[in-house]
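Working from the sequences, and respecting the hints, build out all of it.
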Amino acid sequence: MKPPTPTVLAAPDTPAPARSRTLRGQAASPGTALGEVVLLDDAIDDARFTPVEQRFASLAEALAAAAQQLEGIRNSLDPCDPARGMVDFQIEFLADPALLESADNPSSDLPAEEEVWRPIIEAHIADFDTAEDEYFRHRASDLRDIRDRVLRVLRRTRAPTIPALGDHAVVFAHDLSPSRFLSAAWKPTQALVLRGGSPHAHIALLARARALPMVVAVGAAPVGPGERALVDGAAGTVELNPEPERVQMLMQAQQQQTLQKALEAEKLYLPATTATGEVVSVMINVASLSELDQVNPACCDGIGLVRTELLFAQGVPSEEEQLHFYRQLLLWAEGRPVVVRTLDAGGDKPVPGLGMPQETNPFLGVRGLRLCLREPEVFRSQLRALLRAAAEGDLRIMLPMLTSAAELTAAREHLEACAQALRKAGTRHRTPPLGVMVEVPALALALESLGPIDFASVGSNDLLQYTMAAARDLPEVAPLADPQHPGFQRLMHILTESARAAAIPLSICGDLAGQPVHIPALLRQGLRSLSVPVATIGLTKLAVAAWPLRAPHG
Amino acid sequence: MNSVNAADSGQAQASVLLAHEGGLHARPAVTLTKLAKTFNARILLASDAAGPWIDAKSVVKVMAMKTRRGAQLHMQAAGADAAQAVTALVKLIEDDFVGGPP
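Line order of the protein sequences matches chains A and B.
For what it's worth, our numbering labels the leading residue of the first sequence as 1, then goes sequentially.
For what it's worth, our numbering labels the leading residue of the second sequence as 555, then goes sequentially.
Wrong hints could be hidden among the right ones.
As the list claims (entries may be wrong) - From the derived model, a few chain A residues whose C-beta atoms are all more than 12 Å from chain B:
1) 114
2) 268
3) 500
To be verified - With the C-beta cut set under 10 Å, the calculated list includes, among others, these residues of chain A facing chain B:
4) 82
5) 86
6) 92
7) 95
8) 139
9) 202
10) 347
11) 351
12) 356
13) 362
14) 473
As the list claims (entries may be wrong) - Derived lysine to aspartate or glutamate pairs resembling EDC-like cross-links, with alpha carbons at most 20 Å apart:
15) B:591 to A:96
16) B:588 to A:88
17) B:588 to A:309
18) B:591 to B:609
Rather than coming from a laboratory, the hints here were simulated on the basis of the structure.
Glycine included, every Cβ here is placed at the ideal spot set by N, Cα and C.
Take a look at the structure:
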C-alpha cells in the first residue's frame, strides 16, 4: 500500500483521470482517512439464484440454524461491542414463536419454506420501512440481514464477505449488511463510504465503536477503483483526488483536534481539588466490565460502587464466574480501591432461579442484605469469590440495605466462616475491609450503633426516597424527594457528624454525588469522597474545583 | 413504584413513561422481553390504555409497537408473580434499561 502522502498525487506519472471533486453525504462516524477507493460488489443476497440441493425439514429448523450462526458471531465479539445489541436483537427475533404465527403452514413441505419465509419477513421489513420514526425505519436493514441469512441457510450457501483490504482502503458500497460489515477487521486508517444508508443504521454505530471514518448517502456519482479519496467522517464529505494543499490542511486540522482532546483529557486526569486546595476523592460507579473499556483508571480514584446485580441477571453465577469478574475489576483499577456491593436484589430486582418473596411493597421487604441472609448459599458463594479476589488487590466489601447491628453481625459471621473454610482448604484469600451502604434512615441516624466498621457509603437514591417517602421517578411526588429539604439535610448532618465522631470513613455513591447542583451541599457536610457515574467524572471535578464560591470569611 | 397497582391476587397493572432516548428500540426491547420471560405471569403491553395489547415476551411484537420516547406504556399481568413482574418491568423502564439482563 502506498503511503498517503500528497507527493504521490503530484508525481508526473500519476494516471490522467485524477479529477478533483467532492461527494457530499451525511456524517456517520467521525475521523479522517486518505486512501484508495475499493469498490465492493453488492452481493447482498447472492443466495437468491443458487440451486437448491437440500431442503430443511422445516422453516423453524432453518431459523434455529440462523440463530445459531448469529450466536457464533455474538461470541466472537468484544463484550462492549455495540454490535452485540444488534446481534442479540436478531437472535431474539428469530427465536420468537410469534414470528411464525402468521405463517399459513410453517412446518410442512408445501408451500416451500422459502415461500413461507419471504412474505413473513417482508411484511416486517415493510412495516419498519414505513415507520414514522427514523430510528425504526432503520431497523428494516437488520431485518433484511435476517431475511438473507435465513435464505442462505435454506439454500445452503455462504454469506457474502469482504475481500482483504489494504490499511488505507476507502471502501465504497451501495449499502452493507451488519453481518457483512462484521466479516472485516476494520482499522481507523480505512474508511467506509455508502451510497445509501443512514447515520442511524447499526453499522454506523459499529463504525464509531471502531473509530472507522464513515460517510453515508453520497449518491450514485461514478467513482473508479484506485482513485484517491479523502474522507471526512465528521463533515460527511468524500473528496476524490484532492489537491495536495487540501490534504495538508485537513491533516493539520485533525492534528489540532487531537491536541485539543489531549488538553481536555489532561484536565480529567488531575486530582479533584476544591478552590481552597482540599483534595476530594472521585471514584466511579460501575455495573459491568464493558463500562470500563472507555475509561482510563488514572482519571479516578478507584471504583466506589460495583453493582453486582448484572452478574446475577441470568441466574446465580458460579463462584468462579464471580471471581473472574472481580479479578477483572481489580486488574483494571491498577491498585486503586474497588468497593464491591454484595447482591442487592429484591422483589423489584429479581434474580432468575432465586425464589423471590411475594410482597406488595418490595421496597420495604426482603431485599439487599436481607435477601442474602435468607439465601446463605448464594451469599456465601459471593463472599468466597470476594475473599479470593481480595488476595489480588484492594477490594472492599459493602453490604446494602443494612438496618441493624444484628444484620452486620450475621453478615460478618458468614464472611468469617467462608474465610475459615478457605484457610482450611489452603485457598489463597484475604479478609478485606467490610463496610455498609447507608440507605435506611434509621441507620443514618445511628451509624455508631453498628460498632466498629471499616467504612460507610451513602446510598443517596434509596436514603432520599425512604426519608422523604417519595419515589424520585414518580413525576407527581418527585418534587418532594428534594435533597435540599431541611429534614434530609439534617439527616445527612447527623450522619456525617456521627461518622466523624466514630472515625468511620464516609463516602457517597448515590446519584447526588455526580450532580453539580448538589455537590456544594455534600462538601459543606464534610464529605470528601464521591463516587459518580463514569460520564460525570469531569463534571464532578469541575464542581469540586468551584467550591467554595468565595473564601469562608471573605 | 407507587404506579404499580396490584389487586388482591395474581393481577397487576401499571403505567409508566418511556423516557429512553430513541424510544423502545432494539436493545431495550430485547432487555424488556428477556426480563419479562423470567416471570411465569402472562404480561401484556400497550401504548394506549384502550389497546391493542401485545405479549411483552415477544420481541417481534414489542418492536412492532414502535413506541417512541415520551409515550406512556401500559402493562397488565396475570399470574402468581404478576405483581413482581410488573414492578420489575416498571423499574427497568424507569431506570432507563440500566441493570436489566445484559
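Evaluation of the provided hints:
Separation of residue 114 (chain A) from chain B is adequate, the least Cβ-Cβ distance of about 20 Å exceeding the 12 Å criterion. Every CB of chain B is more than 12 Å from the CB of residue 268 (chain A) (nearest about 23 Å), matching its label as outside the interface. No beta-carbon of chain B is positioned within 12 Å of the beta-carbon of residue 500 (chain A); the least distance is around 33 Å. With its C-beta approaching chain B no nearer than about 9 Å, residue 82 (chain A) sits inside the 10 Å limit, and its interface hint holds.
Taking 10 Å as the C-beta cut-off, the interface hint given for residue 86 (chain A) holds, the closest approach to chain B being about 7 Å. Against a cut-off of 10 Å between C-beta atoms, the interface hint on residue 92 (chain A) holds, since the closest Cβ of chain B lies about 4 Å away. Hint status for residue 95 (chain A): holds, given a least beta-carbon distance of 8 Å to chain B, under 10 Å. At about 6 Å, the closest approach between the beta carbon of residue 139 (chain A) and any beta carbon in chain B falls short of 10 Å, and the interface hint on this residue holds.
A hinted interface residue such as residue 202 (chain A) counts as satisfied when its beta carbon comes closer than 10 Å to some beta carbon of chain B; here the least separation is about 8 Å, so the hint holds. A hinted interface residue such as residue 347 (chain A) counts as satisfied when its beta carbon comes closer than 10 Å to some beta carbon of chain B; here the least separation is about 5 Å, so the hint holds. Because the closest C-beta pair between residue 351 (chain A) and chain B is about 9 Å apart, less than 10 Å, the hint holds. Checking residue 356 (chain A) against chain B by beta carbon gives a least distance of about 6 Å; that is within 10 Å, so the hint holds.
Of the supplied interface hints, the one on residue 362 (chain A) holds, with its beta-carbon coming within about 6 Å of a beta-carbon of chain B, less than 10 Å. A distance limit of 10 Å between C-beta atoms decides the matter here; for residue 473 (chain A) the minimum to chain B is near 4 Å, and the interface restraint holds. A threshold of 20 Å between alpha carbons decides the hint, and for residue 591 (chain B) with residue 96 (chain A) the separation of about 11 Å falls inside it, so the pair holds. Between residue 588 (chain B) and residue 88 (chain A), the direct Cα distance comes to roughly 11 Å. Compliance with the 20 Å bound is thereby established for this hinted pair.
Among the hinted pairs, residue 588 (chain B) with residue 309 (chain A) is consistent with the structure: their alpha-carbon atoms are about 15 Å apart, no more than 20 Å. Straight-line distance between C-alpha atoms of residue 591 (chain B) and residue 609 (chain B) comes to about 10 Å, which keeps the hinted pair within the 20 Å bound.
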